[in-house]
Amino acid sequence: MHEFSLMESVIRIVKEVSQNSDLVRITGITLVVGKLSGVNIEALRFAFEALKKEEPLIKDSVLEIEEKEGQGKCSICDKIIPVWHYDLLCPDCGMPMQVAGGDEFYVKSIIGERDG
Amino acid sequence: MAEIIVMKAVNAENELYAAQVREKLEKEGVFLINLLSSPGSGKTSLLEATLEEWGGNHRCAAIEGDLFTDEDARRLERFGIQVVQLNTQGSCHLTANMVVKALEKLDLKGLEYLFVENVGNLVCPASFNLGEHKRVTLLSVTEGNDKIKKYPKAFQTAHLMIVSKIDLLEATDVDLEGLREDFRHVNPSGEFLTLSVKTGSGLDGWLEKLESWKREIKFSKASVQKPPA
Numbered sequence: 001m002h003e004f005s006l007m008e009s010v011i012r013i014v015k016e017v018s019q020n021s022d023l024v025r026i027t028g029i030t031l032v033v034g035k036l037s038g039v040n041i042e043a044l045r046f047a048f049e050a051l052k053k054e055e056p057l058i059k060d061s062v063l064e065i066e067e068k069e070g071q072g073k074c075s076i077c078d079k080i081i082p083v084w085h086y087d088l089l090c091p092d093c094g095m096p097m098q099v100a101g102g103d104e105f106y107v108k109s110i111i112g113e114r115d116g
Numbered sequence: 001m002a003e004i005i006v007m008k009a010v011n012a013e014n015e016l017y018a019a020q021v022r023e024k025l026e027k028e029g030v031f032l033i034n035l036l037s038s039p040g041s042g043k044t045s046l047l048e049a050t051l052e053e054w055g056g057n058h059r060c061a062a063i064e065g066d067l068f069t070d071e072d073a074r075r076l077e078r079f080g081i082q083v084v085q086l087n088t089q090g091s092c093h094l095t096a097n098m099v100v101k102a103l104e105k106l107d108l109k110g111l112e113y114l115f116v117e118n119v120g121n122l123v124c125p126a127s128f129n130l131g132e133h134k135r136v137t138l139l140s141v142t143e144g145n146d147k148i149k150k151y152p153k154a155f156q157t158a159h160l161m162i163v164s165k166i167d168l169l170e171a172t173d174v175d176l177e178g179l180r181e182d183f184r185h186v187n188p189s190g191e192f193l194t195l196s197v198k199t200g201s202g203l204d205g206w207l208e209k210l211e212s213w214k215r216e217i218k219f220s221k222a223s224v225q226k227p228p229a
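So the sequences go chain by chain: C and F. Sequential numbering of the first sequence, starting at 1, is according to the working numbering. Sequential numbering of the second sequence, starting at 1, is according to the working numbering.
Quick caveat, the hints were computed from the structure, so don't treat them as lab data. In this text the structure is predicted, and so the values were computed from the model without any measurement. Please note that a few of the clues may not be correct.
Said to hold, decoys possible - Facing chain C, a subset of chain F residues (Cβ under 10 Å, in silico): (1) 77; (2) 79; (3) 81; (4) 92; (5) 125; (6) 126; (7) 152; (8) 204.
Claimed, not checked - When the alpha-carbon atoms are kept at most 25 Å apart in a straight line, the in silico SDA-like pairs for lysine to any residue are as follows: (9) F:134 with C:87; (10) C:15 with F:129; (11) F:147 with F:214; (12) F:8 with C:79; (13) C:52 with C:71; (14) F:134 with C:52; (15) F:209 with F:173; (16) C:73 with C:8; (17) F:147 with C:71; (18) F:8 with C:56; (19) F:214 with F:6; (20) C:108 with F:188; (21) C:15 with F:147; (22) C:59 with F:6; (23) C:108 with F:82; (24) F:150 with C:52; (25) C:108 with F:150; (26) C:15 with F:78; (27) C:108 with C:77; (28) C:68 with F:208.
Idealized CB from N, CA, C, for every residue including glycine.
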């Protein structure tokens, strides 16, 4: 259950960006989570709901999560192929693939209000 | 109402600390290995066997990650090496900032190898770079045939997978070739070793691997320092 500490990092980022942008109340946070990032979305939502109660800045915010599919790029045939369960052998030629997407986990945007 | 585009990786802070770890160790020529596995796969036993075999030929230190207790640290201190015990108090993995703090307690001068024994857990530690040069994931034969597929990230992110306790192989239904094949699927470029610290079988391969990895790092450091032609 590392999603708690990951959500704490998300909240630190949100606080920092809010401060730099003079936002005093956050209403929306959008995350992008790749299916190969090792992050469980249900656990992430659970951590968010638990942690937001303790943070006045985000206590009224809604969490949006955009999921990204896993993708591999074959080192031989250059094809881009959907990857599930981290299987990184090309189904066509059996050669190693590089992860070409779906391992990302980032804060995409936040929505908030400024004072006054 | 304002929308701010952020586009910041959640692990950015951890990566920053990991880079600090790496920089500090490379300045002193210390090679960092991050050991991952379930609880009880034999990480501490592998370190004991390594220290026993080397018998002081290489200067080593260890950072032991556990939720509670200093039992692992005490096991390794018997070999006369520096050991820092990190207690995460319930947290399921080490983060790079914990390693930064642990480094402050170590005398890095003259050190060759620093082993970090992560918290026993095949899930969470896989997502946290500690600044290691190499990541090694252990799986003991008593854990069965299916763990690579069930916990792929710990194996996908490893440079080397070690199947441990192979002296017990006959008592299990584990198929070593099957494990090798599953590992190849999640990590086509990863290396694969089998060993038993109890019989010593395969231990040479592990020790040679450590030495050759460290030689490669020295080589790359020297080539970086070479002035451009």
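Results of checking the hints against the structure:
no.: 1; hint: 77; result: violated, 29 Å
no.: 2; hint: 79; result: violated, 31 Å
no.: 3; hint: 81; result: violated, 29 Å
no.: 4; hint: 92; result: holds, 6 Å
no.: 5; hint: 125; result: holds, 8 Å
no.: 6; hint: 126; result: holds, 6 Å
no.: 7; hint: 152; result: holds, 4 Å
no.: 8; hint: 204; result: violated, 28 Å
no.: 9; hint: F:134 with C:87; result: holds, 21 Å
no.: 10; hint: C:15 with F:129; result: holds, 24 Å
no.: 11; hint: F:147 with F:214; result: violated, 29 Å
no.: 12; hint: F:8 with C:79; result: violated, 29 Å
no.: 13; hint: C:52 with C:71; result: violated, 32 Å
no.: 14; hint: F:134 with C:52; result: violated, 37 Å
no.: 15; hint: F:209 with F:173; result: violated, 28 Å
no.: 16; hint: C:73 with C:8; result: violated, 32 Å
no.: 17; hint: F:147 with C:71; result: holds, 22 Å
no.: 18; hint: F:8 with C:56; result: holds, 22 Å
no.: 19; hint: F:214 with F:6; result: violated, 39 Å
no.: 20; hint: C:108 with F:188; result: violated, 31 Å
no.: 21; hint: C:15 with F:147; result: violated, 38 Å
no.: 22; hint: C:59 with F:6; result: holds, 19 Å
no.: 23; hint: C:108 with F:82; result: violated, 43 Å
no.: 24; hint: F:150 with C:52; result: violated, 31 Å
no.: 25; hint: C:108 with F:150; result: violated, 29 Å
no.: 26; hint: C:15 with F:78; result: violated, 46 Å
no.: 27; hint: C:108 with C:77; result: violated, 32 Å
no.: 28; hint: C:68 with F:208; result: violated, 40 Å
The structure fails hints 1, 2, 3, 8, 11, 12, 13, 14, 15, 16, 19, 20, 21, 23, 24, 25, 26, 27 and 28 (numbered hints given earlier, in ascending order).
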